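Keeping their order, the protein sequence lines are chains A and B. When we follow the numbering used here, the leftmost residue of the first sequence carries the number 27, and every step to the right adds one. When we follow the numbering used here, the leftmost residue of the second sequence carries the number 5, and every step to the right adds one.
These are calculated hints, taken from the structure and not from any lab test. From a predicted model like this one, the values you see are computed outputs, not experimental measurements. The beta carbon of each residue, even a glycine, is placed where N, CA and C say it ideally should be. Just so you know, not all the hints are guaranteed correct.
Claimed, not checked - Dumping the calculated SDA-like pairs for lysine to any residue here, alpha-carbon to alpha-carbon at most 25 Å:
(1) A:LYS190 x B:LEU57
(2) A:LYS172 x B:ARG26
(3) A:LYS260 x A:ILE197
Unchecked claim - One side only, chain A facing chain B, incomplete, derived with CB under 10 Å:
(4) SER64
(5) PHE226
(6) HIS227
(7) THR278
(8) PRO282
(9) LYS285
These are the residues of each chain, in order.
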Amino acid sequence: MYHAIKERVTELLSTGEVKGFLALKKDNGHIKPHLYVSPDEIDQLSIGDGETAGDARYPLTKILTMLLQNHSGEPFGILARGCDQRALRALAAWNQISLEQVVVIGVACSEELARACNCGLPYPDEWLEGEQIEPKDPRPVEWEAKSPLQRLDLWRAEFEKCIKCYGCRNICPMCFCKECSLESEDVVTKGEIPPDLPMFHLVRALHMIGRCVDCGLCEEACPASIPLRALYKKVNDIVETRFQFRAGIEQTEQSPLHKIAEPPAAI
Amino acid sequence: MTAQRVAVLRDLLEFVGIEGERLNLVWVSSAEGPRFANEMTEFTEKIRSLGPLNWNYQWAVPDSELRAANPSK
Ligand code: SF4
Ligand code: SF4
Ligand code: SF4
């Protein structure tokens, strides 16, 4: 399986075009991230077999960010789905990685996966496996249909389940800050769960402005099954409506909200 | 930028069911004492009229039907 991908990775590794290739590996029936450094292991390469979100993916772009930062100037390859491609582009816009160091091998997602992910763009720029599936409405329409009072109650019930494990932040490819507001005692009281409502979740949501690439990993990671995706989908929707900006899609720049305005000519 | 960020936050508050009017942004210089007092009084009055947040669990169904929209859970 995935013959085309394996062939291309083998080529990249044997010609030395990349120092390593970051993808998934099937090991004892489990899928895990793996850095391929020699063509010998290629048989174990997996693109993630699952049809539902949760057993098919890992935050590969997050691992790649660490790799590139520790091997400056050296080229690496990565297996990328639509969300990974968006993350790569957004990470580059934020100067976390340099795309010149990255060789992308794309996979388009299956219809099942795209549906499970509620995905607004389930394919990368180019791909070697898979087919182009029509994207879904990227807005959290089911929430918008509720009244404000219903939403307030429902969100409170959801936020209260939070055990403050920081899983959502830790898995997010776009959460790369060295110092995190969610650990600042001015914002979030130490030693208390659930964390301050609704501050904890809204602070993170606000920090995702122009950054969230709508990959859904946060929601998959959340042990309390909080529908975080809906919250960040709303953030993305607000940013798109107000500023015509969707992080990681075409744009190679930071969002208009993050640019410092040009200083006036005469100072 | 601040004005735009506050506008985004206001939309977000509305989304979680909190009235956007509970958030206010005004620029007041240190030379504008009376203006500051006015703004504060007006805003306090507005918040008072809105009352406390109406978190009453009337609709809350944990693991609600909203999850149905997300078959991965
Ligand atoms: S979020 Fe979209 S691109 Fe990413 S795995 Fe899911 S369907 Fe594929
Ligand atoms: S969907 Fe979640 S994990 Fe993915 S970029 Fe947005 S906030 Fe981060
Ligand atoms: S992953 Fe879920 S439980 Fe953990 S901190 Fe985030 S929202 Fe809270």
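We went through each hint and held it up to the structure:
1. A:LYS190 x B:LEU57: holds, 23 Å
2. A:LYS172 x B:ARG26: holds, 20 Å
3. A:LYS260 x A:ILE197: Holds: A:LYS260 and A:ILE197 sit about 19 Å apart, inside 25 Å.
4. SER64: violated, 35 Å
5. PHE226: Violated - the Cβ of A:PHE226 stays beyond 10 Å from chain B, reaching only about 12 Å at its closest.
6. HIS227: holds, 8 Å
7. THR278: Cβ of A:THR278 sits 20 Å from chain B, so the hint is violated.
8. PRO282: Because about 8 Å separates A:PRO282 from the closest Cβ in chain B, which is inside the 10 Å limit, the hint holds.
9. LYS285: holds, 8 Å
Of the numbered hints given earlier, the model fails hints 4, 5 and 7; all others are met.
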